[in-house]
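Enquirer: Listed below are the residues making up each chain.
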Amino acid sequence: MLFKTILLLLFSLKASAQVFNAAPFLAMGNTGLAQGSLYSISNNPAGVASLESMAFGVAYQNHFFSSEIQSQAVFAALPFASSSTLAFGMNSYGLQGVANLLTLRGSYAKQFGRHFSSGISVNSHRYYVTNYENDNTLSLDLGFQYYANDDITIGALARNVTKAQHEDVVPAYIPVEFGIGFYYKLSTALRIAYDMYYGLYTSLDYRGGIEYAVDSRVVVRGGVASHPTQYFGGVGLVLNKLHVDIASAFHPRLGTSPQLAIAYDF
Amino acid sequence: MISKFVLYILIPLYILPVFCIAQEMLDMEEMLIEQLTEISAEEVDLSEVVDRLWAYKKKPLNLNTVHAEQLADLIFLSPQQIRSILNHRILTGAFLSVLELQSIPELNDRTIQLLKLFVEVRPPAIWKDLDVNTAWKSVEQAILIKYGRVLEQQAGYAVKDPTRSHYLGDPNRYAVRYKLNYEDKIRIAWNMEKDAGEPFFQEKQSSGFDFYSGHILFKHVNRSVKQVVIGDYILQFGQGLILWNGLSFGKGAWAGGIAKEGRGLQPYSSMGENRFQRGIAGTIGVGSWEITPFVSYNKLSGNIEQNGDGEPVITSINYSGLHRTPTEQANRRSIKQFNYGTDLSYRRDRLKLGLTYLSTSFVHTLMSGKALYQQFDFEGNHLQQLGIHYNYTFKNVYLFGEMAKRVGGGMALNQGMLASLHPQLSAVVHYRNYSRDYDAPYARATGEGSHVKNEKGFYAGLTYHPNRRFEYAVYVDAFRFPWLRYRVDGPSSGVDFLTQLTYTWYKRGRLKLRYRHRVRQENALLSGRHENLLANVLHHQLRLEFQYKLNEVWRIRNRAEWTRYDKEDVEQGDGGLIYQDVFWKGYGGKLQANTRLAFFHTKGYNARIYAYENNVLYTSGFPVYYDKGIRTYLNLRWRVSRGVDFWARYARTIYNNKESVGSGLDKIPGNSKSDITLQLRWQW
Numbered sequence: 001m002l003f004k005t006i007l008l009l010l011f012s013l014k015a016s017a018q019v020f021n022a023a024p025f026l027a028m029g030n031t032g033l034a035q036g037s038l039y040s041i042s043n044n045p046a047g048v049a050s051l052e053s054m055a056f057g058v059a060y061q062n063h064f065f066s067s068e069i070q071s072q073a074v075f076a077a078l079p080f081a082s083s084s085t086l087a088f089g090m091n092s093y094g095l096q097g098v099a100n101l102l103t104l105r106g107s108y109a110k111q112f113g114r115h116f117s118s119g120i121s122v123n124s125h126r127y128y129v130t131n132y133e134n135d136n137t138l139s140l141d142l143g144f145q146y147y148a149n150d151d152i153t154i155g156a157l158a159r160n161v162t163k164a165q166h167e168d169v170v171p172a173y174i175p176v177e178f179g180i181g182f183y184y185k186l187s188t189a190l191r192i193a194y195d196m197y198y199g200l201y202t203s204l205d206y207r208g209g210i211e212y213a214v215d216s217r218v219v220v221r222g223g224v225a226s227h228p229t230q231y232f233g234g235v236g237l238v239l240n241k242l243h244v245d246i247a248s249a250f251h252p253r254l255g256t257s258p259q260l261a262i263a264y265d266f
Numbered sequence: 267m268i269s270k271f272v273l274y275i276l277i278p279l280y281i282l283p284v285f286c287i288a289q290e291m292l293d294m295e296e297m298l299i300e301q302l303t304e305i306s307a308e309e310v311d312l313s314e315v316v317d318r319l320w321a322y323k324k325k326p327l328n329l330n331t332v333h334a335e336q337l338a339d340l341i342f343l344s345p346q347q348i349r350s351i352l353n354h355r356i357l358t359g360a361f362l363s364v365l366e367l368q369s370i371p372e373l374n375d376r377t378i379q380l381l382k383l384f385v386e387v388r389p390p391a392i393w394k395d396l397d398v399n400t401a402w403k404s405v406e407q408a409i410l411i412k413y414g415r416v417l418e419q420q421a422g423y424a425v426k427d428p429t430r431s432h433y434l435g436d437p438n439r440y441a442v443r444y445k446l447n448y449e450d451k452i453r454i455a456w457n458m459e460k461d462a463g464e465p466f467f468q469e470k471q472s473s474g475f476d477f478y479s480g481h482i483l484f485k486h487v488n489r490s491v492k493q494v495v496i497g498d499y500i501l502q503f504g505q506g507l508i509l510w511n512g513l514s515f516g517k518g519a520w521a522g523g524i525a526k527e528g529r530g531l532q533p534y535s536s537m538g539e540n541r542f543q544r545g546i547a548g549t550i551g552v553g554s555w556e557i558t559p560f561v562s563y564n565k566l567s568g569n570i571e572q573n574g575d576g577e578p579v580i581t582s583i584n585y586s587g588l589h590r591t592p593t594e595q596a597n598r599r600s601i602k603q604f605n606y607g608t609d610l611s612y613r614r615d616r617l618k619l620g621l622t623y624l625s626t627s628f629v630h631t632l633m634s635g636k637a638l639y640q641q642f643d644f645e646g647n648h649l650q651q652l653g654i655h656y657n658y659t660f661k662n663v664y665l666f667g668e669m670a671k672r673v674g675g676g677m678a679l680n681q682g683m684l685a686s687l688h689p690q691l692s693a694v695v696h697y698r699n700y701s702r703d704y705d706a707p708y709a710r711a712t713g714e715g716s717h718v719k720n721e722k723g724f725y726a727g728l729t730y731h732p733n734r735r736f737e738y739a740v741y742v743d744a745f746r747f748p749w750l751r752y753r754v755d756g757p758s759s760g761v762d763f764l765t766q767l768t769y770t771w772y773k774r775g776r777l778k779l780r781y782r783h784r785v786r787q788e789n790a791l792l793s794g795r796h797e798n799l800l801a802n803v804l805h806h807q808l809r810l811e812f813q814y815k816l817n818e819v820w821r822i823r824n825r826a827e828w829t830r831y832d833k834e835d836v837e838q839g840d841g842g843l844i845y846q847d848v849f850w851k852g853y854g855g856k857l858q859a860n861t862r863l864a865f866f867h868t869k870g871y872n873a874r875i876y877a878y879e880n881n882v883l884y885t886s887g888f889p890v891y892y893d894k895g896i897r898t899y900l901n902l903r904w905r906v907s908r909g910v911d912f913w914a915r916y917a918r919t920i921y922n923n924k925e926s927v928g929s930g931l932d933k934i935p936g937n938s939k940s941d942i943t944l945q946l947r948w949q950w
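Keeping their order, the protein sequence lines are chains A and B. Residues 1 to 266 (the working numbering) make up the first sequence, in order. Residues 267 to 950 (the working numbering) make up the second sequence, in order.
One chain only, chain A, in its complex shape (with noise of 0.2 angstroms):
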């Protein structure tokens, strides 16, 4: 029963668990909807549309900082003809060797003209309780995005419209939301995101986050949410090709969540 306990209060907190944000998106409030990005895997499908070269990235992440909770999450894009892009991605959230929650993830993304672009992601979701229990899912998310013009953007996601769900006896669940998303370039160093997601089984989120360059390589970020009210912030390095960016969220009772992701375009 204990042990039931303690991997309820691990896989309650559905932001860690079943969504992964990547240190850009993190740092931001947890948004992205509107965004394009190698990172749009795991966030909004339609956002890896508009990537114009093979990129391949990993991230890290420790859960309320000294706990032994951690992800870690792997993300691939192939663009290929026609405005297209196959991307893939895996993530996994959980206490090592004990108990996990495994998504895969196989995106399909497509530019329709300038202003248009649309996404697929088909999800499998693995629950695995060493020793314990073990139960496999399939989920499917569905993205949009529409350029209005060089500076915004607005990004739709309806995530798990198959409202797919583990069996009854798996203490967690796959959020069933939708989310429409703003992006605004202000100018080249500043851009401000603004999500807001309603969910069948938790109230309305908005989350928002700005990004400033402090110059060429260097960006800064910072977001909040509402639930549970958190702030996040960050710091991302463009080394040419190469990009680094740390991030954390601050949960006002529970902690930082500090997060490493590393990305690099070929």
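The hints are simulated quantities; they were obtained by calculation from the structure and are not laboratory data. Treat the numbers as computed from the prediction; the structure is a model and nothing was measured. Treat the hints with care, as some may be off.
[To be verified] Quick partial rundown of chain B residues pointing at chain A, CB under 7 angstroms, derived from the structure:
1. H688
2. L691
3. F724
4. G842
[Stated by the list, open to error] Some chain B residues close to chain A (C-beta under 10 angstroms, calculated; not the full set):
5. A726
6. G756
7. N923
[Unchecked claim] Using C-beta positions, here's what the derived DEER-type ranges look like:
8. B:G839 / A:V220: 37 to 45 angstroms
9. A:F80 / B:G756: 38 to 46 angstroms
10. A:Q70 / B:V561: 34 to 42 angstroms
11. B:I822 / A:S82: 36 to 44 angstroms
12. A:S53 / B:G676: 51 to 59 angstroms
13. B:L792 / A:R217: 51 to 59 angstroms
14. A:A81 / B:R735: 27 to 35 angstroms
Note that the Cβ used here is the ideal one computed from N, Cα and C, for glycine as well.
Given chain A's structure and the hints, the job is docking chain B onto it.
Expert: Below, chain B alone, put in the same frame as chain A:
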């Protein structure tokens, strides 16, 4: 003090039109008063800010002699702009005309337009040439007399049995202010006040008024002695962790309230009967260094009892300033307090560093309360704090902070950053950590609690001005109280979120939409349980406000506000308020009037709504509207002659289905309460 830098980078477009017309300075009053760290009073004395701006409008600053501190008093100038004006004077010599301001690149057209209201060019007035005859011609004096009362009889005045609590005085309120100003070099002020219910020439007020306050200020005495104040004065240093007397602004739609910039030593001109110093203080500057030593001896009101050993001890201090009943009379000015200390600051280029020390001694021992939440409160007769503070401007970033320690107690720390990320977008972040055993009776710092202690929090805000017409402001403040508080039997936390969109018709009006959401926790005793649980208390507030200047004679202002109070599993309620204000100006501006008609309906006091009310000069109201009824008021201002102004105010609230208004000694039979105020000012 309002941070000029913040104001400059965060709300220029919003605030500037407000200054253009004297009448609209009232709008600024409203903005400031909503951000006072303590919003509770029906009447707030804003003279500290208002007086200063009006004084500069009436007697503009001389660009050839003006100091950085004086320019900083005009809250719309940034430190960079102030520096550029002074540099211009150094490089090109004395100003020949205010038009020269246009050649200073840091000043834009609108700033110049405003600045012209408060500055002029005159030959420098030289202190050493002062002789009594010529000086007296430059002296400005003013006397202001104010009277007010509640018209209905309140219960406290009708009690005949002297053994029961009752008001010893009459319901009349009197206040007299006198001030003298010679070229901003010598200022003298004398204030007197009697609150409603306080005796007049009776009891302990045998000399008439209940409260007297005065000061003599000498400014720019010589190269080193910048100012000396004898009498009542206030001190504002750093971020207010140790010493911040006078008005203190905090969170609000105007993010500028977050970054404080202490104005140091200032003479005290308000009618508040506490939170100031009485004695002597001065500011001495040598090179980049400035030192402000001070000594103060004051008597506070409070309760003194005998402890088990027969020693007198202080069990409470009453900061209300009211001495109406026999008990309040007995406690009046019974606590003797002696303060001394200093602030030492160093300023170089864009850096300011400071060190503050304050010692507070009581003749008797101050006892802390016995409740668990008071466990870490200070107890003793000697309290000391020592702290350091700084501010630094680096490119488009302004950093500020303070760290303080109570000797023998805890620490307090705050740190903030303002960044003008883009001409249209500014951000502010602020972190605070005040320990539960930090105590500083004169501290006023950014935070959620009424005291600077037992609080951790992080504030983040953005202000966005896409163009001259729109302004969008948003902030989130998440905070925790690690130790227990009054009516909160456990560590608690909360969130304060505000978002506001303003559309401005330049010089004509604006439309404002605001939503504020607050969560805190407090005790809830559920049926069937014997101990308190903590319940979330949610406040939602939605406000739509419109104001428009129809022509030179008429101006209107409307507001609709809805609020919801939701204490988890205990109580829920909604409240609504609608009002219409009309402003009128006639006879060439000699006669001005404004009136309000408000309808309000709230489910009890918890769903109450606060709304700013126009009042007579120096007074601003922020009264609370609750239950169901109508409130109306009429303000008149008559410029009788060049130096004589007269104000009159009548306000009345009529409740539905009430047999009495108020409670205790303030209780009024019937369903209405009305109040009048008359004020006369003579300037010469």
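Enquirer: Is 38 to 46 angstroms a correct range for the gap between the Cβ atoms of A:F80 and B:G756?
Expert: Given a distance of about 58 angstroms, which is not inside 38 to 46 angstroms, the answer is violated.
Enquirer: For the restraint on B:H688, tell me whether the closest CB of chain A is nearer than 7 angstroms.
Expert: This interface hint holds because 5 angstroms falls under the 7 angstroms limit.
Enquirer: Indicate whether the distance between the beta carbons of B:L792 and A:R217 respects the range 51 to 59 angstroms.
Expert: 57 angstroms, holds
Enquirer: With 36 to 44 angstroms as the target window, see if B:I822 and A:S82 comply at their CB atoms.
Expert: 60 angstroms, violated
Enquirer: Classify the hint on B:G842 as holds or violated, based on whether any CB of chain A lies nearer than 7 angstroms to its CB.
Expert: The hint is violated - B:G842 has no Cβ within 7 angstroms of chain A, the shortest such distance being about 23 angstroms.
Enquirer: Hint says 37 to 45 angstroms; check whether the CB-CB distance for B:G839 and A:V220 agrees.
Expert: 43 angstroms, holds
Enquirer: Would the stated hint for B:G756 survive a check requiring a Cβ distance to chain A of less than 10 angstroms?
Expert: 13 angstroms, violated
Enquirer: Does the Cβ distance between A:Q70 and B:V561 fall inside 34 to 42 angstroms?
Expert: The hinted range 34 to 42 angstroms is violated for A:Q70 and B:V561, with Cβ atoms some 60 angstroms apart.
Enquirer: Under 7 angstroms, Cβ to Cβ, is where B:F724 needs to be relative to chain A, so tell me if that hint holds or is violated.
Expert: 6 angstroms, holds
Enquirer: Can you tell me whether the CB distance of A:A81 to B:R735 sits inside 27 to 35 angstroms?
Expert: 46 angstroms, violated
Enquirer: Closer than 10 angstroms between Cβ atoms is the bar; does B:N923 clear it against chain A? Give me holds or violated.
Expert: 37 angstroms, violated
Enquirer: If you check the beta carbons of A:S53 and B:G676, does the distance land in 51 to 59 angstroms?
Expert: At roughly 55 angstroms between Cβ atoms, B:G676 and A:S53 fall inside 51 to 59 angstroms, so the hint holds.
Comparing the model with each numbered hint stated earlier shows that hints 4, 6, 7, 9, 10, 11, 14 do not hold.
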